[in-house]
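Undergrad: Turn these sequences into a full structure, and let the hints steer you where they fit.
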Amino acid sequence: MAVCTRWRIYPKKPKSPLARLFYRMHRPNLMHLFPTPSFFSWISGRFSGTASHWVYVAFGLAMLPGLLPAQSTYLFSGRISGAGGQALAYASIAVDEARYGTLTDAEGNFQLRLPAGRHVLVLSHLGYRRLRDTIELRAPLHKTYSLVEEQLVLEEVLISADGRDPAYGIIRQAIKNKKKNARPFPQYTYKAYTKTTIRFQEGFEIDSLLKMAQIDPNSSNSGSQPPVPLEMFKSDLLFLSENVSEVAVKEPNQVKEKIVSSRVSGNSRQFSFMGNVFNRFDPYKNLQVMQGVANRGLVSPVADNAFFFYDYKLLGTIQEPGYKAYKIQLLPKRKHDPVYNGIIYIADSSYAIKEIDWVVTKTQQIETLDTLVIQQEYQPLHQAWLPFKSRVHLAFNFNMLMFRIPFSGSSTSLMSDYNVQPAIPKGFFNNELIAISDSALEHSRSYWEGIRPLPLTAIELKDYQYKDSLEQVLTSPEYLDSLTRVNRKIKPLDLLLGKEIRNYRTENIWRIKSMLNTFGFNAIEGWFLAAGVEREWKLDKGRSVQIGPTLRYSFGDRKFSYRLDLRYRGSGKYREQLQLSGGDFISQFSRFPQISLIENTSTALFAHDSYIRLYRKRFAELNYSRELFNGFTFTGNLRYEDRLPMSNTSEYSFFQREKRYAPNIPLTPHKAFIAELQLSLLPFNRYISIPNGKFNLGSKFPLLQLTYTHAPALFGDASSDFSHLRATISQQTRLGLLGSMNWRVTAGKFLHTRKLHFPDQFHFKGNQTPYNFTGYDGFMLLPYYRTSGTQPFVEAHLEHAFSGFITNKLPGIRRLKLREYVGLHYLIQQNGRPYLELNAGLEKMIFKVFPFRIDLNTRLMGDYGAARWGFKVVLPLQSFSGS
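Counting in the numbering used here, the sequence shown runs without a single skipped number right up to 883 at its last residue.
Treat the hints with caution; some may be incorrect.
Calculated lysine-lysine pairs in the DSS-like style (CA-CA distance at most 25 angstroms, straight line) [unchecked claim]:
no., residue 1, residue 2
1, Lys-176, Lys-324
2, Lys-285, Lys-176
3, Lys-426, Lys-250
4, Lys-573, Lys-426
5, Lys-313, Lys-335
6, Lys-250, Lys-179
7, Lys-313, Lys-176
Hint data in this document are derived by calculation from the structure and do not stem from the laboratory.
TA: Structural data, given as structure tokens:
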């Protein structure tokens, strides 16, 4: 499909449903003057053979001279100010019923390229009367406008008999009519332009931060040192992106966005997700959940239960040509409730939202952010009110021990070119929320200059010029080679913490694994030390190949262990991965690690308790996974293991040296060949499509998993011979203001156990340490392997995060912004006693980034040698892998 800046040429009808939709929607400027494909089909139908091809050509050439003058466009620019001459920033200019539109910049200036001819303008700004103007565009035109402050009138007929503020009756009507106002048409489409910026707040000096970090911001980086990316901080903006989207909406709540062009300042190879859907805000929705900001959600002033949270005050009515609107102030009943402050305008007769200006602060217990401002403006189009401008502004501080970094950002969307009767093909609306075009990054600077409806400010223009020039330096072969040379240097600390050695030109990588993950102590091996490296080759279309050898030495039994892992990552769209592993290594008895290496090292050295249980295996393993279609994933595993027992070799500990370590689990030497098949289904999974990739967003429905494991007796009496089934259902459920709930239920049953050894039994996550690295789906008081067995079982875990629902109501406590958790954990085995645990905890975000949580756990049912109660420090760290 060929695309021009101002109108499109459609050489043939696209085949895919997505392309067909945007083939039919949004005829750009003056396309009504050009013959449509259906017209060409009618003409060609009157001819046969190859003659129809020449009809297209001849007719197009005949029409072209007459069309060229009509395609002329001119720059319309100007300035909008208030009556006192002050600039009105972000004022709206809607042209021809929002077919085109723009906003003013911070200085009140605007510019917009329009087709020649007559255009009707509507100029508006919050707190000012709308101004309607008609222009005749035959050449570049510059005009200045002055808006008059809105005149508020409190009409006597609105005063209710009981003396209650008339705003309540208006809001009640807005709630009653919000379903039809939220989706006034069965389906419609529009175009959107979105600009997003993030910067340091005014007054913050980056040089002071760099000096504290002992970095010279004016260093010349001479000699072998390449220029450092700190040069990026010399711009006033940290991030600047622009997106142009085509959006389709269908009642009741289906939205689909195609990002047709995307630009990020200083990174021509990176697209931005911050399109219209990211910036899309629906004030009619009862509860607006913002992950990481308002996990419980914020209650809308027109929610079904809004009167429980808000009081209202009618400030007056405004009269505009063709309609009247009510200006209402929002008054939260309780200042710490998850609600908005600000103003809402309600249109008369339809009771649709005309405009909002809402603010949320730390008082409302939002997280991460200090202030959130949401502004939205609607335009009367096709006898309904549809969004024209949406702007989100945020401010937050990142507080570290000795310094504070203040950030601010904004994201502005301008919606135009509405089509309320689009010909959307059947099946177009699926579970794809956002699709980023394969050609989104291929647009030139002149394209953006021609299509951008919101002019760049001087700061933004400078940022593009500076960072685009800097990108040429940072991506030059000379710079990449110098950066590669510097990156090759290895320091002693790199061996402890790990390091990536990257070839910045080919993007191939060497990785040195962290010794924190490969060094430690346990009673079976004594002290052990492992060294691992990994080599990764980047292929095209996001594919890669990795190979990683690992060598481990146990000082207790004086033996080396080794393994080699080869991984291939295929299509990102199908999340394809193939892994081949083999070697002579050690393993925990369960397929998942019961305890991390660092946990066991600390308990062994400081408490003389080594909980890890190990066996040696000579193995080869093949694993393959792929998403066959959206939400349905296939995973296959084949593995051979020659298993050997291990015994304790050390009694060393820092303290309590009179104690003795518990012996390892005994194991009879044997062999096992195991085949495993797992099918996972997440119905109606929402996702984002990107070039060569896909991001799954989850579903309102639970995840279903079915696993079948079979070990045939291939090696006689020394071979395992068993099979079992395991089924799991799990979900994260949002419960509005009550928070969210994670739950997981698993059931398993052996089909036969002719020859079964301990590693192949059903195992459950236990915990005998003061820490919880495993998440919510484990038993925090249950001894390791105490409930392992072959009996049919049902295991259930539930944890509810109240996200401040309780602590927000406690004076003096609410300012700490603590999150509350309560969980239940249940296990029942055939012929066994039920086991039940309860946990309750509080979590605090450290520096707004790192969660720290303490839980109280208690055993309610069962025994199995579990403690009656205990405290756990919950750290959401990835469990240290290894055996």
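Undergrad: Please name the hints from earlier in the document that this structure breaks, with their numbers sorted from lowest to highest.
TA: none
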